[in-house]
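**Student:** Chains as they are written, first to last, in the numbering used here: chain A, 1 to 113; chain B, 1 to 116.
Hints listed in this document are in silico derivations from the structure and should not be mistaken for laboratory results.
From the three backbone atoms N, C-alpha and C, an ideal C-beta is built for every residue, glycine too.
Treat the hints loosely; a few may be bogus.
Derived contacts from chain A toward chain B, CB cut-off under 7 Å, selection only [stated by the list, open to error]: (1) P40; (2) G43; (3) P44; (4) F46; (5) F48; (6) S79; (7) G106.
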Amino acid sequence: GDSVTQTEGQVALSEEDFLTIHCNYSASGYPALFWYVQYPGEGPQFLFRASRDKEKGSSRGFEATYDKGTTSFHLRKASVQESDSAVYYCALGYYQGGRALIFGTGTTVSVSP
Amino acid sequence: EAAVTQSPRNKVAVTGGKVTLSCNQTNNHNNMYWYRQDTGHGLRLIHYSYGAGSTEKGDIPDGYKASRPSQENFSLILELATPSQTSVYFCASGDAFWGGNYAEQFFGPGTRLTVL
Numbered sequence: 001g002d003s004v005t006q007t008e009g010q011v012a013l014s015e016e017d018f019l020t021i022h023c024n025y026s027a028s029g030y031p032a033l034f035w036y037v038q039y040p041g042e043g044p045q046f047l048f049r050a051s052r053d054k055e056k057g058s059s060r061g062f063e064a065t066y067d068k069g070t071t072s073f074h075l076r077k078a079s080v081q082e083s084d085s086a087v088y089y090c091a092l093g094y095y096q097g098g099r100a101l102i103f104g105t106g107t108t109v110s111v112s113p
Numbered sequence: 001e002a003a004v005t006q007s008p009r010n011k012v013a014v015t016g017g018k019v020t021l022s023c024n025q026t027n028n029h030n031n032m033y034w035y036r037q038d039t040g041h042g043l044r045l046i047h048y049s050y051g052a053g054s055t056e057k058g059d060i061p062d063g064y065k066a067s068r069p070s071q072e073n074f075s076l077i078l079e080l081a082t083p084s085q086t087s088v089y090f091c092a093s094g095d096a097f098w099g100g101n102y103a104e105q106f107f108g109p110g111t112r113l114t115v116l
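Pulled out of the complex, with its shape left as it was, chain A reads as follows (with noise of 0.2 Å):
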């Protein structure tokens, strides 16, 4: 079946340090991508999705881009601060049989001042 995979479990940075969560899908059709961040006592929200092959995603200084040849959506950011402290989720999403979301397992990324 469809699925994602997020390699990273938690990963601790300091500020200004670059962030890489690498995300890996499979899937039989043409799916959007997602990533989701769920800061503590909340539920996850919105950052960006990608739809199309070579299309990058962006918001709040993360970036994405959707590459079809490696089945990946790899979250980046250049220069982390402690409030980007959260859980990330890559999602997998496309319309059939109206579910919408695959996720990932999450990452949690802590950042030290």
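Add chain B to chain A, keeping to what the hints say.
**Tutor:** Showing chain B alone in chain A's frame:
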């Protein structure tokens, strides 16, 4: 701004008891979803709905029922709660497509359920 609310925010239940988690959305979205969140598993889909009167099984429906009495409300029901159902539950709403693109889901704040 999309608004999804959940009640209760915290719940302690006894094994074998009945638990109902409620969700309300004011976005007029057709689709609503129930997920549970567990460490190492991320967010897993329990049930979802296309609209009032419809419910569909997600990936882990065993032990759960759902009810969608109106466009705004979607409930998750645990008829006989078990300790393995201790988790954080999230409700979400969204349409599959919006503006010609795959649409995002809007999540509520979550309900922390503990089954003793």
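**Student:** Each hint needs a verdict: does it hold in this structure or not?
**Tutor:** Structure-based check of all given hints:
no., hint, result
1, P40, "violated (11 Å)"
2, G43, "holds (3 Å)"
3, P44, "holds (5 Å)"
4, F46, "holds (4 Å)"
5, F48, "violated (9 Å)"
6, S79, "violated (26 Å)"
7, G106, "holds (5 Å)"
Going down the numbered hints, you'll see the structure goes against 1, 5, 6, while the others check out.
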